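Chemist: Below are the chains, spelled out letter by letter.
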Amino acid sequence: MFESLSDRFDAIFTRLRGKGRLSEADVDEALREIRLALLQADVNLRVVRDFVTRVRTQLVGADLAQSLTPGQQVVKVVHDELRTILGGETLRITYASRPPTVVLLAGLQGAGKTTAAGKLAAWFRRQGRQPLLVGADLQRPAAVEQLRILGAEAGVPVFSEPADPVSVAARGLAEARRLGRDVLVIDTAGRLSIDEELMDEVRRVSAATDPHYTFLVIDAMTGQDAVATAEAFHKTLELDGVIITKIDGDARGGAALSVKEVVGRPIVFASTGEKQGDFDLFHPDRMADRILGMGDVLSLIEKAEAVVDQAEAERAMARLQEGQFSLDDFLDQMQQLKKMGPLSGLVGMIPGLPKEMRNAEVDDDAMKPIEAIIRSMTPEERRNPSIINGSRRSRIARGSGTTTAEVNSLLDRFKQMQAYMKGLSNLPGIGRRMSRVTAKAGRKSKKKNKRGR
Amino acid sequence: MLNDLILAGSSAAGAIVIAGGTYGLVRTHRRGRLAPPRPPAPPRPAPVAVEEAEAPPDEEMVVVLPERPRLRERLGKARSLFGGYLTSVRSRDRIDETTWEELEEALILADVGVEVTAGVLDDLRTRVKAGNVGTPEELVGLLRDDLVGRLQADRSLHLEPDVTNVWLFVGVNGVGKTTTIGKVGLQQARGGRSVVMAAGDTFRAAAADQLAMWGDRVGVEVVRGNEGGDPGAVIFDAVQHAAAGHADLVLADTAGRLHTKVNLMEELKKVRRVAERPPGKVTESLLVLDATTGQNGLIQAKQFAEAVGLTGVVITKLDGTAKGGIALAVETELGIPVKLIGVGESAEDLVEFDPVEFVDALVGAGD
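From first to last, the protein sequence lines stand for chains A and B. Take the first sequence: its position 117, counting from 1, is numbered 117 in the numbering used here, and each next residue is one higher. Take the second sequence: its position 348, counting from 1, is numbered 1348 in the numbering used here, and each next residue is one higher.
Treat the hints with care, since some could be wrong.
In silico DSSO-like pairs for lysine-lysine, Cα to Cα no more than 30 Å straight-line [as the list claims (entries may be wrong)]:
hint	chain 1	residue 1	chain 2	residue 2
1	A	K275	B	K1302
2	A	K275	B	K1269
3	A	K275	B	K1270
If you are wondering where the hints come from, they were derived from the structure by calculation, not from laboratory data. If you're wondering where the values come from, they're calculated on a predicted model, not measured in any experiment.
Isolated chain B (complex conformation):
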């Protein structure tokens, strides 16, 4: 081929234009022709059973909660990599370009994300330039304070009197929604609240069974529907059932869904609307995020917030090697507070989020 190279490039450009044009044509044409009638909405299946879990012992159960597990203990092993970075930073006698690079890498490796990392480091640079910081040791302290300073929020879980409180748990697949509900259910029941769990995940095979097993363990009732049924109906029945039994709180499970699936996000909006029907009131709408989640977590949080208005985040599986830095990104960039973190398998391992502890674990400071 002896054609001008530029010509070769441009013929491709032309092909792109034409492919685009043709595609537009074909597609709109098809759409014009083939708009299929919408299938009628399937009839709302009646929830089959209100499952009475093993009746909880009526007597006041005196439960002595074991001492709150410290995040740092749990993260002992996991921190070695991160600690390594900052040990290296601290061991040097002055702040130079390598110091900055190492700090950046430490934050990136913790999944804090490029944006927040850049923001934090810019702050620090300004302060170092102002001459208030001399040693790398001080710089690490400053980093810690800076991060903690970014994590100031109301982290309480809300319960209102005279309504049936609904705490809605949402998130992508496999983050640990059902497990989290089981644990929250246990804690709230021990705290003296009367709890009903709603098996709103009607999609995943055996998800309702999984929640029912938690119900047995915890001794709270689980309201469930048909597999493949309408999750809104399950939540509705759970609220009705809770109201009839004067329960304070409905913990509503939902099927894991990728935030990119428009239909499923619409379904979730509907679930929330149903849960809001008096006497129900959604007093917490919690996004469950896996600590291993990378930067996609930010997009997830944004999309779920748009759909159901998040009041908080639960970070699960923080006892692994993942640092959960995405929590920092979600809270600082979207203003959604992290309320609970999971640091182990047992129910006691779901604890309140403590920024100081989290940051110390994150940057390996405070040793």
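Bound-form chain A, shown alone:
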């Protein structure tokens, strides 16, 4: 029932794999699946419809055999379209020449405005600014109290008084000027977009403070309604962007994508956890990956192609397949891998990795002791680790500045990994590609197509 998007996409692509050319029927079938997958990710129906039309135009008739495999080509087109929709660039906050820079937050009840206001103030602090928080949510019981606690945590003063929100905001602005604060973050009460009275109130707050940035705060778990809400707020307030909250859950965030597409305003910040520091500028490309629920295979391929020595990779692959993959090969591959960037970045791109592995913290330094241990072995030991006895082990440990237990552990893991990789090479997809490598190694072919559109 809770089949994830990635499973769905995998199923789609498995069917497409192995086809040299995609027929219109293939494309239609894939698109139907993609449509359902996007709808389940809460992407707005209107957006899905346009999206599918655009992807179809690009896929039908394209000579898919020319570049990647057809399945990968579909992924690429879908992915590129998602990125386009989400808006490529991360918004850069500029500051008013005459401070304070006023930021107004608005949204539905429970979207996370007050929490976001606290986090945003903390973020401005980290940028070296001197923000002032204004609590103009006088509706929800204890909302101002909550803001005061968050402000104290962030080391940011909070202004509020029991009056009406418009005058609180205006007085907050005056207070910011008086105190010489250079950023003003105004928290407002949650309101429904159809509540005319309250919408008029927030419009007056906006008029009284003339904000440089007006952000709509949206819950990542919102469904189809996100678009209607965003449109209504945009009509009243002329939004500059969106702050998306609670994306640390497992919601696919299709709502976010839809808002960008329909309202034409980017997602500027994302709130990614319960701590105050879990808040940063939003990176659209990462969201595209997230919505696809898949590793970023294409970036990985691009990276690999850019840095991996082809001939070397080919040799390693052949040995891997024959089960002769040695610690030397492993060391080589590790060097190649390091050239591709930080390990934590790569892990996210590996498709099919269990969730708990993907989310774990990876430390590139963790590779160092492994490297040291292997480098402390003789060539013979690297080729044939089974000859490593007690005295060799303690020599290796001394040489690498580790313990024999660590050497043992590495050897055990390596054995497991050999078995795992042998198993992998027997998998249909990878195995076939590998055998193609061995069969066609060295064959020259037409010039590589230029990547990217």
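Following the hints, put chain B in place on chain A, whose structure we already have.
Modeler: Quick look at chain B alone, frame taken from chain A:
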């Protein structure tokens, strides 16, 4: 680069394999080496205060509840979009592919979800094929009946004699748990029950203050603990306090938590275990869901059900533009009945769920 393209692809495949392998190696290696000792559990902080709210007026308060607000009235404005779809469906003189598409879109836009929508439409198609339905008008009627037919359940809120009933409110952040408790507290107090509210949200800044303000308004006692303290301890004290004062019902607030946070879900299980300790008994365990929630609501419901065994769902904020179709998905796919819905700001606006009314509002039928 003149290398074979396939080779390019496969070298990437190789890189993936090796990256995966290396990662596994590095990670397990690290885990082997670095398993940190578990920090000792923090000592259970003693709840600081049992806050006596303004003593409620002792005399029997004759409260005349205003007439139950009709969902349809509340949804008047919100329905225009949906209504538009079905008006278009009805205005046509025959059932064709467009009709089906429009029905599908109407359901999807209401957040009913792909699975339930497909199920409902398959049902309808079968019946249309059987020849019992001729006009789109009839089809809309059939859709309405089909949806109502899927929503049959016991929706009563349970109270048992001779125990301290605990109604546990759970959900993700920002759905309206604290507000819902305030409203339920008011209604139950007016209904003649003796109620204690437990400020089990010790995490969110000022959450206990928010509940305390409700306590003042409603005139019921609020038991609270330290901010950042152990929620289980707060609930425990509330149950003890309620039992000592012969109160019937403890409304237990909990901190909003994303269902993906393993530790927090474990904490919730513990809260429930504590609440079950005699004389306490959890007679309702209610998931609060925001009507704007999309398909993630189904996953939330499933996860919370696994953790604390849900007995019902409360849908809040149905007075906005969101249709709350996720309620339909949760009830039909997981069998968890929707018990209450929130259709406005005031306490009277939290009402029993009525399937017919809900479906009529959802499909814009019954005009």
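Chemist: Each hint should be assessed against the structure and marked as holding or not.
Modeler: Structure-based check of all given hints:
no.: 1; hint: A:K275 with B:K1302; in the structure: holds (26 Å)
no.: 2; hint: A:K275 with B:K1269; in the structure: holds (22 Å)
no.: 3; hint: A:K275 with B:K1270; in the structure: holds (23 Å)
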